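Residue numbers (this note's numbering), protein chains in the order written: chain P, 1 to 448; chain A, 1001 to 1125; chain H, 2001 to 2510.
Don't read these hints as lab results, they were simulated from the structure. Among these hints, one or two may not hold up.
Stated by the list, open to error - Derived PhoX-like pairs (lysine-lysine); straight-line CA-CA distance at most 25 Å:
hint	chain 1	residue 1	chain 2	residue 2
1	H	K2128	P	K365
2	A	K1101	A	K1051
3	P	K33	H	K2460
4	P	K61	H	K2318
5	P	K38	H	K2128
6	H	K2494	H	K2460
7	P	K389	H	K2117
8	H	K2173	P	K155
9	A	K1060	A	K1046
10	H	K2100	H	K2128
11	A	K1060	P	K283
12	A	K1046	A	K1119
13	H	K2460	H	K2449
14	P	K38	H	K2134
15	H	K2117	H	K2383
16	H	K2215	P	K320
17	H	K2494	A	K1079
18	H	K2460	P	K61
19	P	K320	A	K1110
20	H	K2449	P	K61
21	P	K320	A	K1049
22	A	K1101	A	K1046
23	A	K1079	A	K1046
24	H	K2406	H	K2494
25	P	K320	A	K1060
26	H	K2383	H	K2467
27	A	K1051	A	K1079
28	P	K283	A	K1079
29	H	K2215	A	K1051
30	A	K1099	A	K1051
31	A	K1051	P	K320
32	P	K283	P	K320
33	A	K1118	A	K1051
34	P	K38	P	K61
35	H	K2494	A	K1060
36	H	K2050	P	K365
37	H	K2134	H	K2318
38	A	K1046	A	K1110
39	P	K283	H	K2494
40	A	K1101	A	K1079
Small disclaimer: the values here were computed from a predicted structure and weren't measured.
Read off the chains here:
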Amino acid sequence: MRYLPLTDTDRRAMLARIGVPSIDSLYRDVPEKVRLSKPVDLPLHMGELEVERAISALAAKNLGTGRAPSFLGAGAYCHHVPAAVDHLIQRGEFLTSYTPYQPEVTQGTLEYLFEFQTQVALLTEMDVANASMYDGATSTAEAVMMANRVTRRGKAILSGNLHPHYREVIATHAHFAGFTAVANNLDPEGREDLIAQIDGATSCVVVQNPGFFGHLRDHTALAETCHKAGALLIVAVTEIISLGAVTPPGRMGADIVTAEGQSLGNSLGFGGPYVGLFATREKFLRQMPGRLVGETVDADGRRGWVLTLSTREQHIRREKATSNICTNSGLCALAFTIHLTLLGEAGLTRLAAINHGKAVQLAEKLTALPGVKLTTDAFFNEFTLALPKPAAPVVDALADRGILGGVPASRLYPHEATAANLLILAATETNTDADVDALAAALQEILK
Amino acid sequence: MSNVKFTEDHEWIRIEGDTGTIGITDYAQEQLGDVVYVELPDVGRKVEKGKDMAVVESVKAASEVYAPVSGSVTAINDKLTAEPATVNSAAMGDGWFVKIKLSNPSELDKLMDEVAYKKYVEGLG
Amino acid sequence: MTPDPITGTFSGNRALQIEEPLIFEQGQPGRTGVDLPAPPAVKDRLGGLKRQGEIGLPGLSEPQAIRHYTRLSQKNYAIDMGLYPLGSCTMKHNPRLNEKMVRLPGLGDLHPMQPVKTAQGALELIDKLAHWLKTLTGMPAVALSPGAGAHGELCGIMAIRAAHEAKGEGHRKRILVPESAHGTNPATAAGVGYSVDPIPANDGGRVDLAAFKAKLGADVAGIMITNPNTCGLFESEILEISEAIHGAGGYFYGDGANFNAIVGRVRPGDLGVDCMHINLHKTFSTPHGGGGPGAGPVVLSAALAPFAPLPYVVHGPKGFALVEHDDHAQATGKALGRLKGFHGQMGMFVRALAYMMSHGADGLRQVAADAVLNANYILASLKDDMSPAFDGPCMHEALFDDAFLKDTEISTLDIAKAMIDEGYHPMTMYFPLVVHGALLIEPTETESKETLDQFIEVMKGLARRAKSGDSAYFHGAPRLSPRRRLDETAAARKPVLRWRPSNITGQAAE
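So that you can see chain P by itself, here it is in the shape it has in the complex (with noise of 0.2 Å):
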């Protein structure tokens, strides 16, 4: 077997010199009862070929967004990413190599962790940032749970423009550490006002900036109010691009930001497996969860690099850990990072311009067709129309005619009345005029 560089003539030998007759001698600890005597009914061994054809058939089953027209959003992001980047990420050294326990020889993760941390802090203009976390709902999750640590409160109130995938998972949580999640309604129109609920048993406040319909907010406002209650402002980016022309959440004053960083570097690959990322203030450092990179000095004197502030970690900490997260999301951090260096801050900025000028255009076109009425009054890439009738329905006619268009809230909410007419649309660069006008014309003709 290809894999399995063992010999019957090796296998003869090592069990010579361990001194017993059998592989299965090596197994007497394991109750005799439960021992399987032959392979479980499953396929047996098959060659490279044979499974590539039978994985590329289920392949073949599926509309993927490099073959239609794709305006779909909703928290995961279809980006165009360089070709650099994939080349390097499957590197041996970096693909096949582990958690930097041993740092001299693992500078190279350790290096690179370290950019990763100091591009994150760059981006939402806060003081650190850890080295990733698994997505950005278990992300935000973290950020709850350890905000409630630093107030010694329980009450988190959640915004009606947070994902509702992040409220849920936060809502998981919520339950089984004991803690209070206060979840407004779904937010459509962004008028919610959370200010009105801030009050001195709340320990945070988490919104998302741009929020699930789209919308644009400054929160310095909200943040000060926190502040004075006593409480966090959390704010969670669910497309990290728009940090290239948004004013960034720390620059409002947020206390913890998350986010997802899949639209840099990482397909869009189902749903995962993706980058949360996780950056805060200096004075909250040792409330952090996730592995942390810092700077040091070898034996020789020359710069080095090193996990540290372990003590905060599972490993160390046991039942007193800020988190139990051991393996994160190492290679995707590092498909970000080398994203975010080909880009610097010339093709960032230029990259968001992109997305945002195809966002107003794509919006300009589709609320220029009857009934369509736009409900995100500012926006970076994705906003949220009302339809004239069901959005569900739209969307799976547009997907007859081969285009992906968009997400229909109900997806999400479910029993919610007022989302059922709601599609939620982002354009990005990947998207061209004749997209656009395909989109438009085969709406048109669904919403006839």
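With the hints as your guide, set chains A and H onto chain P.
Chains A and H only, in chain P's frame:
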């Protein structure tokens, strides 16, 4: 040093009237290795004999520091925030953690004196 | 120019080992690694929130970027390079077929929220993976969304708590965890609101059955056990443990980190497990990537299956569907809810399925056999020069303690640093905590006998050198790696966690 008492968890307390200064012993700092961070309670916090009072961290470990006796925190050693290494260099003096006002001085009777503590440490081997 | 005092070269480089500054130290405004068209000329609708001022990101061209990351990669040890014997991490070969499969059009470019009818092949793939996992473990259900092993632990312990609450047994607040457990176990239990009660190990390195039984009571919610355990030993009394915890009304959580020892040979379902996470990045070869991403699906017994988190794939008459809102369950109060955004680590599912299909049921049995054989070969070969913590045989990993270093003034850490100069990544050190100065070696099945023989000879050499009293050699190791021992104390006392610009006079800006 007759006004200094010790616990089995290697905390010391130096008594002056009804206040006590608390730290960890030289043996403890040696076991810990280089101290990198100390987490101290807020002034005013009530502490209970034998319960968590502070945390002392080295690179590879975090150890709870327990209150030798009950009381309330009247002062904390800010110097340790900037210079945690003081715990290593002067564990019995400048490396003190907190001062407390004792709420139940009779608890001191259960603690070891210096001679008893020395013997206890020798027995740990 | 004067030569660098450490390397003796003008550049500070050592042939193929090239010193590489940070991207922030080599960026220039006006440099870029991408070519983008001009943005559409529109009036912006950013609501007055256009970002002002610079972000501070450096500009590099593509050749510079490629060189930067290539040079960084050359400072990393990796499985592709050599033996990586970290205990309980299962650093096996990462097949390249897996990488090709995950990038296929129709898989890599699928959006998680596109209409389900346009992603039937993806849902079928998830369903297939679920079938393989259930069959290999002998369990009726599996939750696929957790993003890593620790996340899977969270899922399993939450399911246990939900199951107790549904039965009105919410007063059960205590979880029993062996002292040898991985740190994620108690961290997880505490995160779900449980108190952690440690169970001591007996002299044979296994759970002390009598001590465990003595801790049972009406307030026990369950036990978290790794089997084989973190000492590399199969818990021979596992059936008694399982019976006892069930008899006390608790559930049995299995930490599947060591599944590689028994895959295809023992089914956790047959041991009475109620839930077990499987690390796809361990047993099923998905790459470790420098610290993730991983995937931690959780197989569930019939008792816990109703408490699986959302979402999950179901196979109906009209094809595959994705259940994202479990309304029935919400009404009966059974839903665990969601643990992660979207559907799970699809990229790891594709890789793991390609691996499973490649090995097949017969190959996977051989994987476990060779993994156990390799570890025992190392144990038998080193037992005289080093000090095994327990009598053999072991399972897929061999545990040593530092008794063989007694009176040498050389520690387990020093041995590890000397291994670096020999061209090996050190084994796991100081874990599990139940043994003094632990050295835990897991070779995996993808190492040849020749590799193991060379490793054994080197370890013998190091052990003998240590006993001969050459402590200076060990204390100064490593000497040949890109960096020597790093000052972790300084890093923790004055954390520098990001680059900051300094002005030209050398003073740090804010």
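Going down the list of hints, with the structure as the test:
1. Between the alpha carbons of H:K2128 and P:K365 the distance comes to roughly 43 Å, so the proposed pair goes past 25 Å and is violated.
2. For the given pair, A:K1101 sits about 16 Å from A:K1051 by alpha-carbon distance, which is consistent with the 25 Å threshold.
3. As the CA atoms of P:K33 and H:K2460 are separated by approximately 39 Å, the hinted pair breaks the 25 Å bound.
4. Distance restraint check for P:K61 and H:K2318: the Cα-Cα separation of roughly 15 Å lies within the 25 Å cut-off, and the hinted pair is therefore satisfied.
5. Restraint check: the Cα-Cα separation between P:K38 and H:K2128 comes to about 21 Å, which is no more than 25 Å; the hinted pair holds.
6. Distance restraint check for H:K2494 and H:K2460: the Cα-Cα separation of roughly 39 Å exceeds the 25 Å cut-off, and the hinted pair is therefore not satisfied.
7. Restraint check for P:K389 and H:K2117: the C-alpha separation of about 21 Å stays at or below 25 Å, so the hint holds.
8. Our distance criterion of 25 Å between C-alpha atoms is met by H:K2173 and P:K155, whose separation comes to about 23 Å.
9. The straight-line distance between the Cα atoms of A:K1060 and A:K1046 is roughly 29 Å, outside the 25 Å bound, and the hint therefore fails.
10. Between H:K2100 and H:K2128 the alpha-carbon distance is near 19 Å, which keeps this suggested pair within the 25 Å criterion.
11. Proposed proximity of A:K1060 and P:K283 is supported: the alpha carbons are some 22 Å apart, at most 25 Å.
12. With a CA separation close to 31 Å, the supplied pair A:K1046 and A:K1119 exceeds the 25 Å bound.
13. Between H:K2460 and H:K2449 the alpha-carbon distance is near 16 Å, which keeps this suggested pair within the 25 Å criterion.
14. With a C-alpha separation of about 17 Å, the suggested pairing of P:K38 with H:K2134 holds against the 25 Å cut-off.
15. Our distance criterion of 25 Å between C-alpha atoms is broken by H:K2117 and H:K2383, whose separation comes to about 59 Å.
16. For the hint linking H:K2215 to P:K320, the alpha-carbon distance of about 22 Å falls within 25 Å, and the restraint holds.
17. Taking the CA atoms of H:K2494 and A:K1079, the gap is near 14 Å; set against the 25 Å cutoff, the hint holds.
18. With a C-alpha separation of about 55 Å, the suggested pairing of H:K2460 with P:K61 is violated against the 25 Å cut-off.
19. For a cut-off of 25 Å, the pair hint linking P:K320 to A:K1110 is broken: about 29 Å separates their Cα positions.
20. Distance hint between H:K2449 and P:K61 is unfulfilled; the C-alpha atoms sit about 43 Å from each other, more than 25 Å.
21. Between P:K320 and A:K1049, the direct Cα distance comes to roughly 20 Å. Compliance with the 25 Å bound is thereby established for this hinted pair.
22. A C-alpha spacing of about 10 Å is found between A:K1101 and A:K1046, which places the hinted pair at or below 25 Å, so the restraint holds.
23. With a C-alpha separation of about 22 Å, the suggested pair A:K1079 and A:K1046 falls inside the 25 Å cut-off, and the hint holds.
24. Between H:K2406 and H:K2494 the alpha-carbon distance is near 35 Å, which puts this suggested pair outside the 25 Å criterion.
25. Among the hinted pairs, P:K320 with A:K1060 is consistent with the structure: their alpha-carbon atoms are about 15 Å apart, no more than 25 Å.
26. A distance of roughly 15 Å separates the Cα atoms of H:K2383 and H:K2467; the hinted pair therefore holds under the 25 Å criterion.
27. Taken as a hint, the A:K1051 and A:K1079 pair is honoured in the structure, with Cα atoms around 24 Å apart against an allowance of 25 Å.
28. Distance restraint check for P:K283 and A:K1079: the Cα-Cα separation of roughly 17 Å lies within the 25 Å cut-off, and the hinted pair is therefore satisfied.
29. Distance restraint check for H:K2215 and A:K1051: the Cα-Cα separation of roughly 23 Å lies within the 25 Å cut-off, and the hinted pair is therefore satisfied.
30. About 16 Å separates the Cα atoms of A:K1099 and A:K1051, which keeps this hinted pair within 25 Å; it holds.
31. For the proposed pair A:K1051 and P:K320, the alpha carbon gap of about 15 Å is at most 25 Å, so the pair holds.
32. Distance hint between P:K283 and P:K320 is fulfilled; the C-alpha atoms sit about 20 Å from each other, no more than 25 Å.
33. With a C-alpha separation of about 23 Å, the suggested pairing of A:K1118 with A:K1051 holds against the 25 Å cut-off.
34. Distance check on the hinted pair: P:K38 and P:K61 sit about 34 Å apart at the alpha-carbon level, beyond 25 Å; violated.
35. Among the hinted pairs, H:K2494 with A:K1060 is consistent with the structure: their alpha-carbon atoms are about 16 Å apart, no more than 25 Å.
36. For a cut-off of 25 Å, the pair hint linking H:K2050 to P:K365 stands: about 23 Å separates their Cα positions.
37. Restraint check for H:K2134 and H:K2318: satisfied, since their Cα atoms lie roughly 23 Å apart, inside the 25 Å limit.
38. Note on A:K1046 and A:K1110: the hinted pairing holds, with a Cα-Cα distance of about 20 Å set against a maximum of 25 Å.
39. Under the criterion of a C-alpha separation no larger than 25 Å, the hint pairing P:K283 with H:K2494 is consistent with the structure, at around 13 Å.
40. For the hint pairing A:K1101 with A:K1079, the CA-to-CA distance comes to about 20 Å; that is within 25 Å, so the pair holds.
In the structure shown, a violation is registered for the earlier hints numbered 1, 3, 6, 9, 12, 15, 18, 19, 20, 24, 34, in ascending order.
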